[in-house]
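Given these sequences and hints, build the entire structure.
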Amino acid sequence: DTEVTQTPKHLVMGMTNKKSLKCEQHMGHRAMYWYKQKAKKPPELMFVYSYEKLSINESVPSRFSPECPNSSLLNLHLHALQPEDSALYLCASSRRGMEDEQYFGPGTRLTVT
Amino acid sequence: GNSVTQMEGPVTLSEEAFLTINCTYTATGYPSLFWYVQYPGEGLQLLLKATKADDKGSNKGFEATYRKETTSFHLEKGSVQVSDSAVYFCALSEISGGGADGLTFGKGTHLIIQP
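Line by line, the protein sequences are chains B and V.
Taking the numbering used here, the leading residue of the first sequence gets 1, the next gets one more, and so forth.
Taking the numbering used here, the leading residue of the second sequence gets 114, the next gets one more, and so forth.
In short, the hints are calculated from the structure, not lab data.
All residues carry an ideal CB built from backbone N, CA and C; glycine is no exception.
Warning: the hint list may mix true and false statements.
Label-pair ranges, simulated between beta-carbon atoms [what the hints assert, rightly or not]:
id, chain 1, residue 1, chain 2, residue 2, range
1, V, Phe131, B, Glu67, 22 to 32 Å
2, B, Lys40, V, Lys173, 15 to 25 Å
3, B, Tyr51, V, Leu126, 37 to 47 Å
4, B, Tyr51, V, Lys169, 31 to 41 Å
5, B, Arg30, V, Pro228, 36 to 46 Å
6, B, Ala39, V, Pro228, 22 to 32 Å
7, B, Glu52, V, Glu182, 14 to 24 Å
8, B, Ala39, V, Phe131, 25 to 35 Å
9, V, Lys181, B, Leu73, 35 to 45 Å
Calculated cross-link-like contacts (lysine to aspartate or glutamate; reagent style DMTMM-like; alpha-carbon spacing at most 25 Å) [what the hints assert, rightly or not]:
id, chain 1, residue 1, chain 2, residue 2
10, V, Lys162, B, Glu44
11, B, Lys41, B, Glu3
12, B, Lys19, V, Glu155
Shown next as structure tokens:
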């Protein structure tokens with residue numbers, strides 16, 4: 001099983017809403033990632049969790065708050081987003097760390113109105 | 114720092130044509146190299162990888178060879194199908210003295226295959 005699942009598939013939220021994105025993998029991977037992808041661009045790394053600890057935060061605004069409850073789950077909590085935050089949010093995992101190939105989920109298409 | 118350069122396209126080919134998507138990289142050490150594919154409305158899928166010089170990665174008829182002397186990892190397929198229409202990303206990951214760096218992506222090549 002090389003699957004990373006993400007829910008929801010689509011999300012529309014207002015600028016005052018609070019919502020969460022969820023990511024799950026059952027491959028026993030110990031590194032998990034959040035990426036943001038705008039149309040016709042490559043993914044941009046937001047956060048890296050290694051062994052359930054936040055190891056990299058690529059200067060992401062505090063309106064994005066990651067959480068790793070256990071080694072299989074990764075959440076991204078969203079609050080007071082801006083329209084420019086509309087994008088495809090991708091979750092990925094890898095076996096140990098960033099030296100290993102990453103497996104991506106299908107993404108959550110987020111629209112902020 | 115690390116960088117990946119690839120043709121952006123769109124690249125338009127007829128079905129059964131030969132495909133080459135060029136990818137060159139800049140890295141300070143010995144990176145691992147990857148090709149990812151993204152079909153419309155989906156996430157990225159790992160297509161193939163190579164971890165050292167002269168390695169050849171292959172999958173689903175696609176091939177790429179890690180050429181250290183030319184710092185290249187060109188993607189090839191002998192006969193493309195309409196279903197190969199997608200965006201292809203070349204990427205590298207490198208372990209340096211400070212640990213592993215994240216994936217560095219090229220800008221992506223949009224491939225369109227016409228019947």
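Of all the hints given earlier, name the ones this structure violates by number, lowest first.
1, 7
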